[in-house]
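Peer 1: Offset between the sequence shown (1-based) and our numbering: plus 3.
Hints listed in this document are in silico derivations from the structure and should not be mistaken for laboratory results. Any given hint could turn out to be false.
To be verified - With beta-carbon atoms standing in for the labels, derived distance ranges:
1) Tyr405 <-> Val442: 30 to 38 Å
2) Lys121 <-> Leu328: 23 to 31 Å
3) Arg188 <-> Pro478: 36 to 44 Å
Unchecked claim - The list that follows gives simulated cross-link-like pairs (lysine-lysine, DSSO-like), each with its CA atoms no further than 27 Å apart:
4) Lys288 <-> Lys337
5) Lys355 <-> Lys121
6) Lys451 <-> Lys355
7) Lys337 <-> Lys121
8) Lys457 <-> Lys467
9) Lys415 <-> Lys337
Every residue, glycine too, gets a C-beta built ideally from N, C-alpha and C.
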Amino acid sequence: APLFFNLAPSTDLTLYPGYFDKRGAAYGLEFRHVADYDSRLTLLGNYLHDRTTDLGPPFSEEDYREDGYLRDEHYRYWIRGKVDHFFTPGSAVHLDIDTVSDQDFIHEYRDGITGFTKNNSDFLRAFNRGLQDASLSTRESIFQLTGNGAHESSGLEVRYVDDPLAVPAATEPIHTLPRVMFNSRRPVGGWPLSFGLESEYVYYRPEEGIGYQRADLLPRLVAPLPFGRWLEGTIAGGLRETFYQVENIGQPAVPWLLDKKPTRSSRLFAANLATSLARDFRTGKEDYLTHTFRPNLRYNYDDHDDQLDLPDLEATDRLAGRNSLTLELNNYFKSGRGRNAAVASRQIGHLKFSQSYDLDEERRPLTGPTDKRRPLSELAMDVEFRPANDLFLRYQTTLNVYGDGITSYEVKGRYSNSRADLLQVDYSYLKGVSADLNVSSTIRLTGKFSARYKTTRSLYTDHKTSESLGLIYSPQCWSVELSASDDSENRRLMLTFTLTGIGEALAMSHSN
């Protein structure tokens with residue numbers, strides 16, 4: 004049973020002593036502190052002196068998850084936590100800690116009062132960001148310092164990658180030590196003109212291998228287009244310069260043989276033209292529906308130097324050339340009382356279409372009799388509908404206009420009410436790749452009894468990733484839940500007691 008200590012009105016400590024009859028003693032700790040509404044920290048740690056190992060055949064019959072990654076250490080741990088601290092409304096520190104002794108720990112102890120599932124849910128609720136996916140072979144710890152002013156924003160980031168695999172991976176983890184960003188946008192004198200600057204310095208460093216530093220500068224001028232009261236527009240142009248310095252760290256198997264100080268130049272130009280049209284439609288004596296139609300036409304041009312001699316670790320190391328026109332047709336709907344839905348208005352949805360036309364593709368020389376130009380991008384559609392405060396529906400899709408049909412779509416639905424009933428359905432489809440369904444629901448059967456169900460399935464491979472069912476009894480100040488779960492690794496039956504305001508105590512758990 005957990006031991007809870009109220010250290011101060013805004014600070015507490017919980018200890019989780021435990022014992023596994025075939026594994027050994029297990030210890031857990033959780034420390035929480037809240038400084039104010041926005042500033043808080045939560046740190047958790049688990050330690051297990053495991054009698055068993057995961058050596059696999061021929062040393063052992065066990066290879067957990069049958070992934071080929073073995074474990075010979077008996078000392079196992081997982082440390083994670085998050086910190087948010089705001090010095091001022093515009094400056095803050097954010098810290099994410101996530102380090103683990105081995106690749107199996109998180110999977111073996113995914114459930115329970117200090118397991119991955121509950122921790123992820125708690126972090127999302129308290130910090131609006133959760134843990135990294137449990138399936139990743141590496142864990143990242145991230146420190147960020149941000150500052151925002153009226154015309155500038157700046158940031159510092161340090162990112163350390165922990166590789167828990169017993170056998171080093173073929174690709175060395177790359178640490179970011181550090182990344183520094185500064186962006187600015189200021190008006191130029193009394194002119195209808197503003198000067199913008201986007202800048203970044205980053206140092207990517209592996210334990211051994213090829214590391215590099217990159218400095219990126221993008222100054223540009225932005226000006227409004229004077230089209231009168233009916234049209235609005237902007238025009239912008241800039242020159243992007245990127246500087247690299249490549250270095251060999253340790254004893255890399257393949258040294259860097261290209262230019263160790265390459266550079267890149269990129270010329271950018273963008274223009275935007277838009278307008279807004281709105282009309283009220285009477286739906287009752289004083290009720291109105293406001294429809295706002297906002298067409299938007301954008302032109303983007305990005306021309307850059309050859310990039311073959313540059314390192315390639317992230318998207319900004321390879322700029323995609325652009326010379327395209329994009330048309331967006333955006334529709335927004337709002338309901339309320341009074342003309343222009345001025346009183347008690349509520350957004351009830353939107354309908355958006357967008358498509359791009361590649362000018363370079365249209366002028367590209369053909370390579371043969373079967374080659375065809377395809378300058379039009381996929382047609383994208385986004386529909387969102389909120390018919391009531393407790394109901395949300397959204398559908399997004401892309402359509403290939405050259406005969407390949409619908410290439411992807413995503414459907415999301417959520418219903419909740421004052422009884423705490425909840426139904427959430429997410430379905431995503433990517434042609435030839437995946438078709439995933441996620442369903443979760445909670446139904447209040449009586450005033451004290453409720454049931455919950457959750458499943459994740461791949462319809463593309465006809466595979467059930469996970470499924471769980473629970474029955475919850477909740478009197479006024481405590482609750483008990485009987486739950487059964489089945490996933491690709493375990494089947495579990497759990498009985499959990501909760502004391503309101505104190506925490507959870509796991510009374511019984513059986514898994515195989």
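Peer 1: If any of the earlier hints don't hold here, list their numbers in rising order.
Peer 2: Hints 2, 3, 5, 6 and 7 are the ones this structure does not satisfy, whereas the remaining hints hold.
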